[in-house]
Structures are given as structure tokens and as C-alpha cells.
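**Q** Residue numbers (numbering that gives the first Met the number 0), protein chains in the order written: chain A, 0 to 130; chain B, 0 to 130; chain C, 0 to 130; chain D, 0 to 130.
Quick caveat, the hints were computed from the structure, so don't treat them as lab data. Using N, Cα and C, we set each Cβ at its ideal position, and we do this for glycine too. A portion of the hints provided could be inaccurate.
Short derived list, chain D residues pointing at chain B, Cβ under 10 angstroms [as the list claims (entries may be wrong)]:
hint	residue
1	Tyr11
2	Ala12
3	Glu13
4	Thr14
5	Asp15
6	Arg16
7	Met17
8	Val19
9	Tyr22
10	Ala23
11	Arg68
12	Tyr69
Far from chain C, some chain D residues (derived; all Cβ distances over 10 angstroms) [claimed, not checked]:
hint	residue
13	Leu40
14	Thr43
15	Glu58
16	Ala59
17	Gln62
18	Arg95
Estimated spans, in silico, between C-beta atoms of each pair [said to hold, decoys possible]:
hint	chain 1	residue 1	chain 2	residue 2	range
19	B	Pro55	C	Asp72	23 to 29 angstroms
20	C	Gly116	A	Pro122	25 to 31 angstroms
21	D	Ala115	B	Asn113	49 to 55 angstroms
22	A	Pro118	C	Ser83	30 to 36 angstroms
4 protein chains.
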Amino acid sequence: MTSGTARVRVRYAETDRMGVVYYANYLVWFEVGRAEWMRALGTTYRALEAEGVQLPVIEARCQYLRPGRYDDDLEIRVEARLLSPARVRFDYQVMRPADHARLAAGHTEHAVTNTAGRPRRLPGPVRSLFE
Amino acid sequence: MTSGTARVRVRYAETDRMGVVYYANYLVWFEVGRAEWMRALGTTYRALEAEGVQLPVIEARCQYLRPGRYDDDLEIRVEARLLSPARVRFDYQVMRPADHARLAAGHTEHAVTNTAGRPRRLPGPVRSLFE
Amino acid sequence: MTSGTARVRVRYAETDRMGVVYYANYLVWFEVGRAEWMRALGTTYRALEAEGVQLPVIEARCQYLRPGRYDDDLEIRVEARLLSPARVRFDYQVMRPADHARLAAGHTEHAVTNTAGRPRRLPGPVRSLFE
Amino acid sequence: MTSGTARVRVRYAETDRMGVVYYANYLVWFEVGRAEWMRALGTTYRALEAEGVQLPVIEARCQYLRPGRYDDDLEIRVEARLLSPARVRFDYQVMRPADHARLAAGHTEHAVTNTAGRPRRLPGPVRSLFE
Numbered sequence: 000m001t002s003g004t005a006r007v008r009v010r011y012a013e014t015d016r017m018g019v020v021y022y023a024n025y026l027v028w029f030e031v032g033r034a035e036w037m038r039a040l041g042t043t044y045r046a047l048e049a050e051g052v053q054l055p056v057i058e059a060r061c062q063y064l065r066p067g068r069y070d071d072d073l074e075i076r077v078e079a080r081l082l083s084p085a086r087v088r089f090d091y092q093v094m095r096p097a098d099h100a101r102l103a104a105g106h107t108e109h110a111v112t113n114t115a116g117r118p119r120r121l122p123g124p125v126r127s128l129f130e
Numbered sequence: 000m001t002s003g004t005a006r007v008r009v010r011y012a013e014t015d016r017m018g019v020v021y022y023a024n025y026l027v028w029f030e031v032g033r034a035e036w037m038r039a040l041g042t043t044y045r046a047l048e049a050e051g052v053q054l055p056v057i058e059a060r061c062q063y064l065r066p067g068r069y070d071d072d073l074e075i076r077v078e079a080r081l082l083s084p085a086r087v088r089f090d091y092q093v094m095r096p097a098d099h100a101r102l103a104a105g106h107t108e109h110a111v112t113n114t115a116g117r118p119r120r121l122p123g124p125v126r127s128l129f130e
Numbered sequence: 000m001t002s003g004t005a006r007v008r009v010r011y012a013e014t015d016r017m018g019v020v021y022y023a024n025y026l027v028w029f030e031v032g033r034a035e036w037m038r039a040l041g042t043t044y045r046a047l048e049a050e051g052v053q054l055p056v057i058e059a060r061c062q063y064l065r066p067g068r069y070d071d072d073l074e075i076r077v078e079a080r081l082l083s084p085a086r087v088r089f090d091y092q093v094m095r096p097a098d099h100a101r102l103a104a105g106h107t108e109h110a111v112t113n114t115a116g117r118p119r120r121l122p123g124p125v126r127s128l129f130e
Numbered sequence: 000m001t002s003g004t005a006r007v008r009v010r011y012a013e014t015d016r017m018g019v020v021y022y023a024n025y026l027v028w029f030e031v032g033r034a035e036w037m038r039a040l041g042t043t044y045r046a047l048e049a050e051g052v053q054l055p056v057i058e059a060r061c062q063y064l065r066p067g068r069y070d071d072d073l074e075i076r077v078e079a080r081l082l083s084p085a086r087v088r089f090d091y092q093v094m095r096p097a098d099h100a101r102l103a104a105g106h107t108e109h110a111v112t113n114t115a116g117r118p119r120r121l122p123g124p125v126r127s128l129f130e
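Work out the full structure: start from the sequences and follow the hints.
**A** Listed below in C-alpha cells is the structure:
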């Protein structure tokens, strides 16, 4: 298991008329979180795709604990885990450092496929990022 | 438990560079599904909010079974359930009638609050929609 | 010049904390409008892409006249025009039939390219859709 | 006239199946640009709204010069201008520093309203940000 963090600033576009962040946007921030996790380890998801590897999401879950608001500065905490040579999992926590609030917690699971969508194994160097 | 359906046509905006629907959009369609479920029962979520009742999402989950594609005509099947006087749950299935494929399955759980975000009970007439 | 219409129902996801539709979403509805314009004429943008033709947007403009609100049932009116063999334009009006309000007016201009992004001419049958 | 910049990293969610950034997202980045312009000048749009001032968009335009791609690190350049005591304009350029490409150029115009949507004048301290 390895971990990382990312920062996002809540956009007006991400709020809804309840005055808080619309719930689907947390999944977008999860994506930002795992991209920055990978960048911090020295590679990028873009580079991974260029090598013919994709990580389509097969399951996502999110628990909403406290509402996020416009312009909040948020920290996405990520933990990455290899479930099998062809399946990975990320766990996320969305924190608001200003008041130490935890806004959300969730996870995603991903298959490992080639660019045609066929299952394949993670290349060794990528696999090592998870360990 | 009561049920309903909604139709959505996949927008270009909802696809990503993998050529398929971006995963967070299924949660948007879940929202469309529960709105149409309520409309079919003779009221609307807009009317509910006008009465001072909100149903913020406290948990969402989605399993991604097959990719949706641009311009797909999809059916969102919804089942609504009262978990308690102050908590409701919706279960969803996203179907593609053209090839009888099930693209996704998931659920959301919602608190019942007033417009200030304080817990409250569902009004009787709304409660009866779930039964 | 040919014309068409599409209907959209405002989603909660499309509102913002000002309580109205977030401005970028009108461009998404413009996309829905031109897709339905093409469908009404007997083909689809998906089919067009399958033939190797893309219509990337090179300019978009929108004037916001009155705010759209959650659950509004809107009509997107579309007029399509050939500017040259390799350039097309769509003009849009977003109407709310319930109160005959015009919420927005705008246009998009599109290049005609192959799937590699190189300029090409519209195929004859597609060209005739605009005339 | 005053100016500022913001940085955005292209999210997977923001791409479409053409493999490039979906056109409506540039308007979201314009929003990020004007928010960061204001922050750099010592206040925030959130604070402005808390004082009872809103800046709803009344017109938006964008020219798309070169496609943005997933994971691109982009710079949003912003120029702010007072058109009248009750109307402001922002001009934007979206640059990709890695190859000095200009991806898009556009502008937005905004009314100045109170939180009920009625026209009002900009408060003096905010007005001075534009001059």
C-alpha cells in the first residue's frame, strides 16, 4: 500500500442549488487524487495509457459526512492497493484543513485492461507503485 | 417499496477520452432516475423542496458492469424504500434496451432534512410515496 | 438552413449555489440540440463519426437572458447553416415553454475534420442536411 | 484594467471521446480564472457574495484554437475591466506553457446584482479591483 494527497479548490460549477457541492463531483476529485498519487511516485496516468494500460473503474462508493462549500480548499488523501495482478483499489478521504473536517470517504476499484478494454496484468514498474 | 423508470440519452459531454461514459455521470443519472420516479407518482422533488424538505445524499455506490457509449439510449430503473422516518434509499439499474445490457447498478441513501440542513421526518404524503 | 428542436429537463447537477443553472451547461444543451436536429433529419452524429467525420467546435457564444431553474422543462431551438464546405454553424435559442420565456441565445461554429483532426469537406449527404 | 492568472490541470472528466477537452469546460476554467484573479487582489468571490453582491454571467464567448488534452497543465490569463458601475467584463486566454500554445481565448460579461438578482452597483472597494 502506498499513499498520497492532492488539493482541490471547490469551483462554483461544482456546487448545486442546495448551496453545497453536488455529490457526483467527489468522484471527480477521487480521480484527481489518484492522478496526483501517481505523479508523486514519478509517473502519470497519461504515461500509463500511452503504454497501453487503462484502469477503468468497476466500482465506486462514497460516504458524505459533511457538506463541502464553494471555494473550500480541500485535501484528497489517497491510499492505493493491489488487489490482484489485474485489479487495484484506491481509498480516499476528502478533508477540509481549515476546520479539520472530514467531508467524505470512499473508494474505487479498477480493472487493468489494454486500450481495447481486454483484461491484462499491470506492468511490473507500475505494479511496484502499489507496493 | 415503489419503483419507476427514466430515460437518458448519453451526451458527448458525458463521455471521456477512453471513448465511454465517465464514471461520475452515472450518479447524475441516478438523480434523474429518482426525480422521474417522484414525478410519475404525482409530485416533484422541486415541490418537495418548496415545502421545506431536502434529501441530501449521505452514501452513493455504483458498480460498473459494461461501458456506456455516446448517444446510447438508456433506461434508469429505480426502486425507492423508506429506511426510517428520516432516511430513504434508492436502488438503481442502468439498462441499455437496444442490446438488453445492464451497464451499471447502484444505490444512494439520503437523509431527510429541512432547508437549514437539520434532520426532520418526511411529511406523511411524501412518506406514502415510498410504501 | 434547416432547423429542429430538442427538450431538456434541468438536472440538479446543472444548478449552482446561486440557485440557477450554471452558465457552462447551456453549451452542453446546445450539443443536445444539434444532436437531436441531426436525428430528426434521419442520421446521427454518432453515425457521422463512424464515417470518419468530426465537427469540433471552433467558437461558441451564449447570451444569458433569464435564469433557468431546477426541473424546468426547456426547449432548445436549433438552426443549422453551411458556412463553407468545411465549416458549419448552429444558432440556438433556449426557451421555457411554461412561461414563454427565452432563457438564452447563442451559436457555435464547427470545423469539419477527419478523425485525425485534419480539415476535410462534409460528405454530400451530410451537406444536404444543412440546405 | 487589472490582470491575473490561474493554473488548472486537465481532468479525465473534462475530456470527451474525441480525446480532447470538451468545449464547455473552458467556461468552467474561466470561472476558476476570475476567482483566482480576485484572490490575488486580496479578496474572494465568496466574500463578495457574503456581502450581498453577485456577478451573474450575461454573456460568454470562447474561440477554440488548439485542443487541450488530458493532464495538460494550463495557465488561465485573466484581464478584468469595469464596463459601467453595474457591469464588468473579463477577457481570458488559456495557455499551455509546455509548448507555448494558446488553446483558447474568450470573454465573459457580468451584471452586478444583489442576492435577490436585482441590479445594484459594485461596492467601492470591489470596484477598485477593476481599476
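**Q** Of all the hints given earlier, name the ones this structure violates by number, lowest first.
**A** 15, 16, 17, 21 and 22
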